[in-house]
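Colleague: Which chain is which? The protein sequence lines are A and B, in order. The first sequence runs 94 to 332 under the working numbering. The second sequence runs 94 to 332 under the working numbering.
Worth flagging that the hints you see were computed from the coordinates, not collected in a lab. Any given hint could turn out to be false.
Pairs involving identical chains hold if they fit within one copy or between any two copies, as the list cannot separate such chains.
With a straight-line cut-off of 25 Å between C-alpha atoms, the simulated SDA-like cross-links for lysine to any residue are [claimed, not checked]:
#1 Lys313 to Glu256
#2 Lys220 to Ala248
#3 Lys313 to Ala196
#4 Lys220 to Asp250
#5 Lys169 to Tyr305
#6 Lys169 to Asp202
#7 Lys220 to Asp251
#8 Lys313 to Tyr281
#9 Lys108 to Ala279
#10 Lys313 to Val325
#11 Lys313 to Gly324
Number of protein chains: 2
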Amino acid sequence: LPYNQGALITESNIKSEVGAIIVAAGVGTRMGGVEKIRSPLGGQPVLSRVVAVFVGCAAVNRIVIVLAESNIGWGKALVAESGWSKVTSVCPGGARRQDSVAAGLKELDGCDWVIVHDGARPLLREKLISDGLAAAQETGAAAAAVPVNDTIKLAGDDRVVEETLPRERLWVVQTPQLFRHDVITAAYREVAADVTDDAALVEQWGGRVKLYPGAYDNIKVTTQFDLALAGVLLESYEE
Amino acid sequence: LPYNQGALITESNIKSEVGAIIVAAGVGTRMGGVEKIRSPLGGQPVLSRVVAVFVGCAAVNRIVIVLAESNIGWGKALVAESGWSKVTSVCPGGARRQDSVAAGLKELDGCDWVIVHDGARPLLREKLISDGLAAAQETGAAAAAVPVNDTIKLAGDDRVVEETLPRERLWVVQTPQLFRHDVITAAYREVAADVTDDAALVEQWGGRVKLYPGAYDNIKVTTQFDLALAGVLLESYEE
Numbered sequence: 094l095p096y097n098q099g100a101l102i103t104e105s106n107i108k109s110e111v112g113a114i115i116v117a118a119g120v121g122t123r124m125g126g127v128e129k130i131r132s133p134l135g136g137q138p139v140l141s142r143v144v145a146v147f148v149g150c151a152a153v154n155r156i157v158i159v160l161a162e163s164n165i166g167w168g169k170a171l172v173a174e175s176g177w178s179k180v181t182s183v184c185p186g187g188a189r190r191q192d193s194v195a196a197g198l199k200e201l202d203g204c205d206w207v208i209v210h211d212g213a214r215p216l217l218r219e220k221l222i223s224d225g226l227a228a229a230q231e232t233g234a235a236a237a238a239v240p241v242n243d244t245i246k247l248a249g250d251d252r253v254v255e256e257t258l259p260r261e262r263l264w265v266v267q268t269p270q271l272f273r274h275d276v277i278t279a280a281y282r283e284v285a286a287d288v289t290d291d292a293a294l295v296e297q298w299g300g301r302v303k304l305y306p307g308a309y310d311n312i313k314v315t316t317q318f319d320l321a322l323a324g325v326l327l328e329s330y331e332e
Numbered sequence: 094l095p096y097n098q099g100a101l102i103t104e105s106n107i108k109s110e111v112g113a114i115i116v117a118a119g120v121g122t123r124m125g126g127v128e129k130i131r132s133p134l135g136g137q138p139v140l141s142r143v144v145a146v147f148v149g150c151a152a153v154n155r156i157v158i159v160l161a162e163s164n165i166g167w168g169k170a171l172v173a174e175s176g177w178s179k180v181t182s183v184c185p186g187g188a189r190r191q192d193s194v195a196a197g198l199k200e201l202d203g204c205d206w207v208i209v210h211d212g213a214r215p216l217l218r219e220k221l222i223s224d225g226l227a228a229a230q231e232t233g234a235a236a237a238a239v240p241v242n243d244t245i246k247l248a249g250d251d252r253v254v255e256e257t258l259p260r261e262r263l264w265v266v267q268t269p270q271l272f273r274h275d276v277i278t279a280a281y282r283e284v285a286a287d288v289t290d291d292a293a294l295v296e297q298w299g300g301r302v303k304l305y306p307g308a309y310d311n312i313k314v315t316t317q318f319d320l321a322l323a324g325v326l327l328e329s330y331e332e
């Protein structure tokens, strides 16, 4: 090859393989037994909205959906009906959220990057995915986050305040969370702690996680009220 | 007096004088210049809903409303129209929230207890006031709070995560906040730090602040979206 043609094939020019894990294996106890991911939101199930955004994102090559055992049949039918060819697996989750992510991770061997997103955050926009991939380049790990607006205090079991935390340094962390494949697989292999998000495993493993701007409307639908709120937000976009 | 009659006059039997400060002196920059406390919510201004709850609470004897200079005339007319005889002062606030509370505090000499409440939290119920007064008996200071549901991380200026905070020990603090008069006046006199709530001044002064259960719907109306949300919540109560 002539020199200038060869130079085109650099690390940054080779297309990365990006896999996404949509985690939706929770049992939805706070919705009174209603499956939040199956609940209709603006005419389609919450989960459909989420998957459609990832399907529509050019940077994403493969999608794994992790569901509760009882929802696997429903999920597979949804994928078939919707013609989502990027979805390569609909697999059962585990007891904890992190067990479900681990199950999804097994389906993404060979990927360079892994994106984890909550199946119950239906209002994300595609930009949040591409911004996240850009943010993750620096340290190999990034998470969407918004500044905390409330006063947050730390208290003991007696509920007497020990400390008012420094608000200007606090962030509410969301998903997407985006990781180099080797980083998240090492963190999952080597750290056993109970965590509330994937970034925490990477932090405990010793990785550096970069926060990037999330969105206040990227809410997690946990209760019936959240679902109503998501509906109001959705309508406000369409006005 | 016979011994048993005299014994009736104990500290706990003497009726405490309870004063409330409704802080509403913010300029509402996040509402695009709209005065959030004057905005209609279910047919009446946000501030009216707040004051009415305190007026209706038997434990509260005196109410001070602290407003921006430009709202004083409007506030005084509202008090007169509404026939709120418990409101003993409508006074101008200061540059910071804590300067406004300090201005209100000057109007409550002779009170045994002081309650501070945000004028922009219109959905509080009377029970939150009485629960708070009960909670404050132990340490002389109490604040309404709800458990944090989100993952909160602490990050530096570079937005790289330093720590995922222990969620089970974190609380989102609201108002009402309730203080023994001597405790809050000493804290305001002796502590000069910038704070986001009154409890933080008491903490820095060395006082102990007890958290008690607030309410998730006791939201602070800061943006137009919050106002719409408060409307949805209000309607849901009436269904």
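Colleague: Work down the list of hints and note, for each, if the structure agrees.
Modeller: Verification of the hints:
1. Lys313 to Glu256: Between copies only: 22 Å across, 27 Å inside.
2. Lys220 to Ala248: The answer is between: 23 Å across copies meets 25 Å, while 37 Å in one copy does not.
3. Lys313 to Ala196: within (21 Å within a copy, 40 Å between copies)
4. Lys220 to Asp250: between (41 Å within a copy, 23 Å between copies)
5. Lys169 to Tyr305: neither (33 Å within a copy, 46 Å between copies)
6. Lys169 to Asp202: Within one copy only: 21 Å inside a chain, 69 Å across chains, cut-off 25 Å.
7. Lys220 to Asp251: between (43 Å within a copy, 21 Å between copies)
8. Lys313 to Tyr281: Classified as within; 24 Å inside a copy, 39 Å across copies.
9. Lys108 to Ala279: within (23 Å within a copy, 64 Å between copies)
10. Lys313 to Val325: Intra 14 Å, inter 18 Å, cutoff 25 Å: intra and inter.
11. Lys313 to Gly324: For Lys313 and Gly324, the Cα distance is within 25 Å both inside one copy (12 Å) and across copies (21 Å).
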